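2 protein chains.
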Amino acid sequence: MADKITPKEVDYSQWYIDIVLNAKLADYSPVKGSMVIRPRGFAIWERIRDEFDRRFKETGHQNAYFPLLIPMSFLEKEAEHVEGFAPELAVVTHGGGEKLEEPYCIRPTSETIIWSKYKDWIQSWRDLPLLINQWANVLRWEKRTRLFLRTSEFLWQEGHTAHETEAEAVEETLRMLEVYRDVVERHLCIPVVTGIKSESEKFAGAVQTYCIEAMMQDRKALQAGTSHFLGQNFAKAFDVKFQTRAGSLDYVWATSWGVSTRLVGAVIMTHSDDKGLVLPPSLAPEEVVIVPIYKNDTKASVLAYADKISAELNAAGIRVVVDSDDSSSPGWKFAEWEMRGTPLRIEIGPRDMQSEKLVLVRRDSGEKKFVPAADTAGTAKEALADIQKKLYEKAKVFRLEHTQDVADLPGLLDYFGAEGMGTADAHGGFARALWCGSAACEADLKARTKATLRCMPLGDQEGIQGKCAICGAPAKHRALFARNY
Amino acid sequence: MADKITPKEVDYSQWYIDIVLNAKLADYSPVKGSMVIRPRGFAIWERIRDEFDRRFKETGHQNAYFPLLIPMSFLEKEAEHVEGFAPELAVVTHGGGEKLEEPYCIRPTSETIIWSKYKDWIQSWRDLPLLINQWANVLRWEKRTRLFLRTSEFLWQEGHTAHETEAEAVEETLRMLEVYRDVVERHLCIPVVTGIKSESEKFAGAVQTYCIEAMMQDRKALQAGTSHFLGQNFAKAFDVKFQTRAGSLDYVWATSWGVSTRLVGAVIMTHSDDKGLVLPPSLAPEEVVIVPIYKNDTKASVLAYADKISAELNAAGIRVVVDSDDSSSPGWKFAEWEMRGTPLRIEIGPRDMQSEKLVLVRRDSGEKKFVPAADTAGTAKEALADIQKKLYEKAKVFRLEHTQDVADLPGLLDYFGAEGMGTADAHGGFARALWCGSAACEADLKARTKATLRCMPLGDQEGIQGKCAICGAPAKHRALFARNY
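Chains Z and W, in that order, give the protein sequences. Every number in our numbering is 78 more than the matching position in the first sequence, counting from 1. Every number in our numbering is 78 more than the matching position in the second sequence, counting from 1.
By construction, these hints were calculated from the structure, which means they are not laboratory data. Treat the numbers as computed from the prediction; the structure is a model and nothing was measured. Warning: the hint list may mix true and false statements.
No distinction is drawn between identical chains; accordingly, a pair holds when it is met within one copy or between any pair of copies.
Unchecked claim - Here are the simulated SDA-like cross-link-like pairs (lysine to any residue), alpha carbons at most 25 Å apart as the crow flies: (1) Lys110 to Thr322; (2) Lys102 to Arg133; (3) Lys474 to Arg556; (4) Lys102 to Leu209; (5) Lys102 to Gln235.
Bound-form chain Z, shown alone:
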């Protein structure tokens, strides 16, 4: 199995594809730009989705469902929005055997269709806040795609909220950013930087876009989620006014926020190794695999013993599977379950039974330990919790090691390997640098190094003094630059 995977150092992109295909997480599809999410990939997405869903409900949001198709004229009501999305649209021109009077697009995001209904639902401050989330498929035509990370169709959630005041809407934007940060860090074990996007990178139609940015193992950045403060832009575009507590009429304040199946790609890229997938226990379809080792004369007793251990783990709420397939060897099974990313392996042979010990192997570190069989569930729980903790810590150390303060343009060119452009390894990672705030500087650096301004990190904007690392003008912000997915 392992030899099917191109080593990370040889070709990072191919390594990623090899894992996705061999671990049967996803597959290519006959539809250009679209992917098929296979059961093992979908099971990971379900666990990510369920945790977010729980957190959204905890913070007062309700799920709803809006139409897939959007009249083209709706998109045109918000000038920046249509400009941003028009090039990516799939257009339905015929329905029920007839040419349509007005074409529809497949939703690239649902602000417009949702705000067209909010106009009917919101009359007074009593109708606010309106806190709605939708789990849905969306479609943005893409020329260059990558399984999970960038596909034309993808699955996501999109929160769309309406508020009485600007302050409340900003608070909601930041509350959901914090939910994103917390779930991605604790549940997916991916450390992220929270920050604000520059004007040129923000959502088309937003006043301000907040984001969480993660570092992959090739030191590139991946935008893992965004939360937008939309101001009154969509309320004005769809004429959504409400009677205020004071009795006057005002436009509603809005937010929207989303995470997608791209997160599955982020999990794979952050934790995996050359043997295959590495998964946080919280996301693993099976947390423990038991591999029984036997010959003909010991088969019955070893299998019975494996089932007993399995039942104990199961009773303790641990997701466990016994691989008792006779058509493959234990060695083959070890490699196969390592490929699949199962966090813990328990090996049981006749001698282990007699000595009342088990062999416990960790997927993250490869560490192998003999442990007493007496409290297998307790031992496994402890090991799983430790894996969850260590994966996060390891990723955080990696990011720290590849984040550097850079003072000026020569430094940035050197860090991002402008000379050696074209090789994935020629860049340093995240550069923390002062910035004057001009889009020209962003564009200049991107043209020279492919590095983009990922965000202006929250909590890192105090005491800005000095010069823009790119143009030398007085700096206004501290920014994080990186190549990105």
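Place chain W on chain Z using the hints.
Then chain W, alone, in the frame of chain Z:
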């Protein structure tokens, strides 16, 4: 509130729409033929979906996700399939600003795209059975729509399984039919007839379609779910062969099965009354609403007491809400929560506090009881379980009362009110009649009475002797006829 609902007897269709809109379950959308599922409607769908999902997983199925778009040429590979679905397709002709070489349709169902992948995934009997389910949106262009019951876009699940033998595939078809029956009867409290569809009513591309059929309160039938035995039709269309245990090559055997958001409409139509929605406790977003009744001087103590009772119910796993909104009267709240279908109401006033009793009101029967406050949770649990049971029994009695054996054509014309066509009340309900098996007889009866052959009930096909009720030829089946949604 109640006066917003047109009485059932006056106009059943309007009664249904009034409930859907006033209970805020769904709303019309600016997209022709599509609806918006509002949070209270979506919460019901989530509870239906989660129960099915649990049952699918229990029976060994895994979720996956396939593309929304399907190349038009794929549909044409199965002759009956394309003939059945072509008139209902929405067609995407442009993507990313360019005209597409081959147009895509939005999936009306996913057999073709899924079987195009099964060709890659199935080589040997070791890859079988393949048991996959997908939760997704689908689109079938509709001219005449009705909220939840018939909309162009709807949400559903579609199971797609592949098997070694015909017998196994038939067994799977019937297993899933039984899961459907059990969940719809026990969780949704809707009694159903399980049966086989006639040739003219079966799924386009199936060998045999099994269904569950329910009776609504206007005595019309509603198809609540279908399970198809597809034979080798799609395996042949997509050339999916596997190596058998004997070493030869054979085409794979298939099933598909689905239920949709239409079930939410079935729940509303089966149980509700002129006061609004009636919901089985299993589906209710809130099982109990507590309405505190107070004046200024008793407000604090009554609210504190209501919160205490609420906490007790909550601790017992009962979904409960306290309506402490000061801007509306208790009477208005009673009507509002009746409209919303909350199964139990608890009223708490200062006198009830002193006497340590509570007022418990059932939504289904209107029955009002004083009960001791000592074990509110136990009392509520008992009442909720009884409501769940009684709703099912009541619907079953209603169906029995409106199901009749009919022997001949004059009897059928009389039963279905051919003379009085055009009024919803002119028909009797379900007619159980012998049938020769010819499509001409089905068409004849439909033209005269609007009644269609709903199914040939399973377990009711023994000892067929006599004449077709329509044409008088020797009968082959016992069939159920009804007008339908």
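Do the hints match the structure? See the list:
In this assembly of identical chains, the alpha carbons of Lys110 and Thr322 never lie at most 25 Å apart, being 49 Å within a copy and 33 Å across copies at closest. Within a single copy, Lys102 and Arg133 get their C-alpha atoms only as close as 29 Å, which misses the 25 Å cut-off; across copies the closest is 24 Å, which meets it. In the homo-oligomer, the alpha carbons of Lys474 and Arg556 lie at most 25 Å apart inside one protomer (20 Å), although the nearest pairing across protomers, at 69 Å, exceeds that limit. Taking CA atoms no more than 25 Å apart as the test, Lys102 paired with Leu209 passes between copies only; the shortest distance there is 15 Å, against 36 Å inside one copy.
Taking CA atoms no more than 25 Å apart as the test, Lys102 paired with Gln235 passes in both settings, with 24 Å inside one copy and 22 Å between copies.
Against the hints set out earlier in the document, a violation occurs for number 1 only.
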